[in-house]
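Enquirer: Sequence:
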Amino acid sequence: TVLNQTPSAFKQLMRVACDSSLPLSLQKIIFGGEALDVASLKPWFERFGDQTP
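Under full-length UniProt numbering, the first residue of the sequence shown carries the number 1, and numbering increases by one thereafter.
Here are the computed lysine-lysine pairs in the BS3-like style, where the Cα-Cα straight-line distance is at most 27 Å:
no. : residue 1 : residue 2
1   : K42       : K28
2   : K11       : K42
3   : K28       : K11
If you're looking for bench data, these hints aren't it; they were derived computationally from the structure.
Taking the hints into account, I'd like the entire structure generated from these sequences.
Expert: Structure representation (structure tokens):
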């Protein structure tokens, strides 16, 4: 699955996904439409690492 979202919309998904124990079926995440603050992705990388979304 490929997800294409604005960073602000992704923050909402990130909160739910990082609190869940369920695996995600994402293969790629594409950000667009606004600037991405890479530091805001820290919880995502702590939960899922950098090898898969």
